[in-house]
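> Assemble the complex: chain Y is given as a structure, and chain G with the ligands must be docked to it using the hints.
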Amino acid sequence: MPNSSSTKNTVSPGGFKHYLREHRQTAGESIDQLWLKPFGSLMTILLIGLSLTLPLALIVVLENGRDLVGSWQGQSTVSLFLSEGLSEPEGLALSKALAARDDVRKLRYLSKAQSLQEFESSSGIAVSLELLGENPLPAVIIVEARNADPAALDALRGELSSLSGVAFAQLDLQWVKRLQAMLQVGVQSAQVMALVFTLVVLFVVMNTLKLLIAQRRSEIDITLLVGGSHAYIRRPFLYLGLWYGLFGGLLAVTLVEAFLWWIEGPIANMASLYDSSFQVRSMPVMLFLQALVFSSLLGVVAAWIEASAHLRRALPR
Amino acid sequence: MIEFDHVSKHYGRGQDALRDISFELERGGLTFLIGHSGAGKSTLLRMIMPTEHPSKGKVVVNGHDLKSLSGRKLPQYRRSLGVVFQDHQLLADRTVFDNVALPLRVSGFSHRDMGRRVRAALDKVGLLGKERAMPGMLSAGERQRVGVARAVVNRPSVILADEPTGNLDPALSGEIMDLFEQFSQMGACVLIASHDLALVARYQHRLLSLDRGCLLSGGDA
Ligand SMILES: Nc1ncnc2c1ncn2[C@@H]1O[C@H](COP(=O)(O)OP(=O)(O)OP(=O)(O)O)[C@@H](O)[C@H]1O
Ligand SMILES: [Mg+2]
Numbered sequence: 001m002p003n004s005s006s007t008k009n010t011v012s013p014g015g016f017k018h019y020l021r022e023h024r025q026t027a028g029e030s031i032d033q034l035w036l037k038p039f040g041s042l043m044t045i046l047l048i049g050l051s052l053t054l055p056l057a058l059i060v061v062l063e064n065g066r067d068l069v070g071s072w073q074g075q076s077t078v079s080l081f082l083s084e085g086l087s088e089p090e091g092l093a094l095s096k097a098l099a100a101r102d103d104v105r106k107l108r109y110l111s112k113a114q115s116l117q118e119f120e121s122s123s124g125i126a127v128s129l130e131l132l133g134e135n136p137l138p139a140v141i142i143v144e145a146r147n148a149d150p151a152a153l154d155a156l157r158g159e160l161s162s163l164s165g166v167a168f169a170q171l172d173l174q175w176v177k178r179l180q181a182m183l184q185v186g187v188q189s190a191q192v193m194a195l196v197f198t199l200v201v202l203f204v205v206m207n208t209l210k211l212l213i214a215q216r217r218s219e220i221d222i223t224l225l226v227g228g229s230h231a232y233i234r235r236p237f238l239y240l241g242l243w244y245g246l247f248g249g250l251l252a253v254t255l256v257e258a259f260l261w262w263i264e265g266p267i268a269n270m271a272s273l274y275d276s277s278f279q280v281r282s283m284p285v286m287l288f289l290q291a292l293v294f295s296s297l298l299g300v301v302a303a304w305i306e307a308s309a310h311l312r313r314a315l316p317r
Numbered sequence: 001m002i003e004f005d006h007v008s009k010h011y012g013r014g015q016d017a018l019r020d021i022s023f024e025l026e027r028g029g030l031t032f033l034i035g036h037s038g039a040g041k042s043t044l045l046r047m048i049m050p051t052e053h054p055s056k057g058k059v060v061v062n063g064h065d066l067k068s069l070s071g072r073k074l075p076q077y078r079r080s081l082g083v084v085f086q087d088h089q090l091l092a093d094r095t096v097f098d099n100v101a102l103p104l105r106v107s108g109f110s111h112r113d114m115g116r117r118v119r120a121a122l123d124k125v126g127l128l129g130k131e132r133a134m135p136g137m138l139s140a141g142e143r144q145r146v147g148v149a150r151a152v153v154n155r156p157s158v159i160l161a162d163e164p165t166g167n168l169d170p171a172l173s174g175e176i177m178d179l180f181e182q183f184s185q186m187g188a189c190v191l192i193a194s195h196d197l198a199l200v201a202r203y204q205h206r207l208l209s210l211d212r213g214c215l216l217s218g219g220d221a
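If you read the sequences in order, they're chains Y and G. 1 is the number of the first residue of the first sequence in the working numbering; add one for each residue after it. 1 is the number of the first residue of the second sequence in the working numbering; add one for each residue after it.
Excised from the complex, chain Y in its bound form (with noise of 0.2 Å):
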């Protein structure tokens, strides 16, 4: 029987259950579209699991340079050695002063004596008082920050310096300061190369995509006669588009935990040299999904962007 309340009907029959079927029969068979080409797929996914590659190896590095420099910050102490002439309790009653202060998180006193014992043990040569005569190291007070920045360290150094019964004090912050103004043109150059690769990623998938539909022309053409909505036509490229995504992206995920994996061990042999316990961080989860979820989108979107200019110039509108 003819049905002419078609052209009014814009709830498909079948309702949402049959809608979410269609998607994971699309889903499917775009999987299945995959294979049916599996060298040019794997060429795909090949060359966008290496354009990501780059930039993800490099935002971890930059993560893990980050935790270096943060555990050297939670380090950073001023030592404030003090003045020959001031005796025991005035350098303790100092040391009372400082710790009241708001900006000094935790503080040591080490007197002339503990100084000379804090030496011998970490040197592991035994002074002879008798040969010297007399102690020769200061008395001091190893001042640990509340706030770890750089700048806010100078200062607090600069302030202790200038009181009374402090010979001099010691900041060692020039490495993190140097490290740090590295790590940031680290991270534009990351930012950087993340939008390139992000362009050459956009880029293949588009151009595979185009081989595709002009494949597929013909089917697009009747789809399209016979009332296929653009949503339904583009849904398959749309799906394709997302595995080529997600394989890359978890290429990509793959090769910088072998990178990761691969310069571990070199790094903590080097860590070791530096007294250092820092330890090469794998991927944080949250890391490795973003990832997952960026290419994927990123397959998703080329590929919207591809099947959306075909149908714009697709011949029966």
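Since the hints were derived computationally from the structure, they do not count as laboratory data. Backbone N, C-alpha and C define an ideal beta-carbon position, used for all residues, glycine too. Fair warning: there could be bad hints in the mix.
Partial pick of chain Y residues on the chain G-facing surface, computed with a CB cut under 7 Å [to be verified]:
(1) H18
(2) E219
(3) I222
Frame of chain Y; chain G with the ligands shown alone:
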């Protein structure tokens, strides 16, 4: 139901494919569109699908001015059409079932309804049992009948057929024509382009006769 209002069409530099065509077709009627090769029959049908728009004039179907149909409205409108193409336009890499099911699939029919309707349509064109065949394995006439099944599977309110019996023997042609008649009796508006005058003569239906883009007879404007 279908209304042509002073429609002209010219392609690029060539002469006009259609010249100032006006006519109106009612619901529940079957009309033959006749004329020699190149007269403009396919062009006229394409204005209704619409894969082409008039250079001048307008085409109105079911109250829709086809030129202004866009976005979601166009696919909705096309689902109310059933089209048999002059060159079948079957998907070579899909089974007969999938080809016939395509109009149902895009409108979101459930699997069960889809199977039932596809088998009913194939039964009507005498191809029940060929669901799993690929179009390449069929004869020209069988392919044409698959095209007919696909056109009617959605129970459209407008059926357009471009030489639907071109490759069929007289007996099969008659069966297909009977099928179209049935649909028109149930309220569909059926327009069939053909140059098989012998076949056309067997039926007492309205004729639109085209000659080099001009409507010779059958128009009402
Ligand atoms: N896309 C096109 N570009 C240019 N000219 C075209 C196009 N389509 C059709 N024509 C011209 O329009 C005229 C009518 O063509 P049409 O296909 O409508 O004829 P027809 O009546 O269907 O012929 P046939 O019976 O052979 O199928 C012809 O002169 C043809 O050359
Ligand atoms: Mg023709």
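> Which numbered hints turn out to be false for this structure?
none
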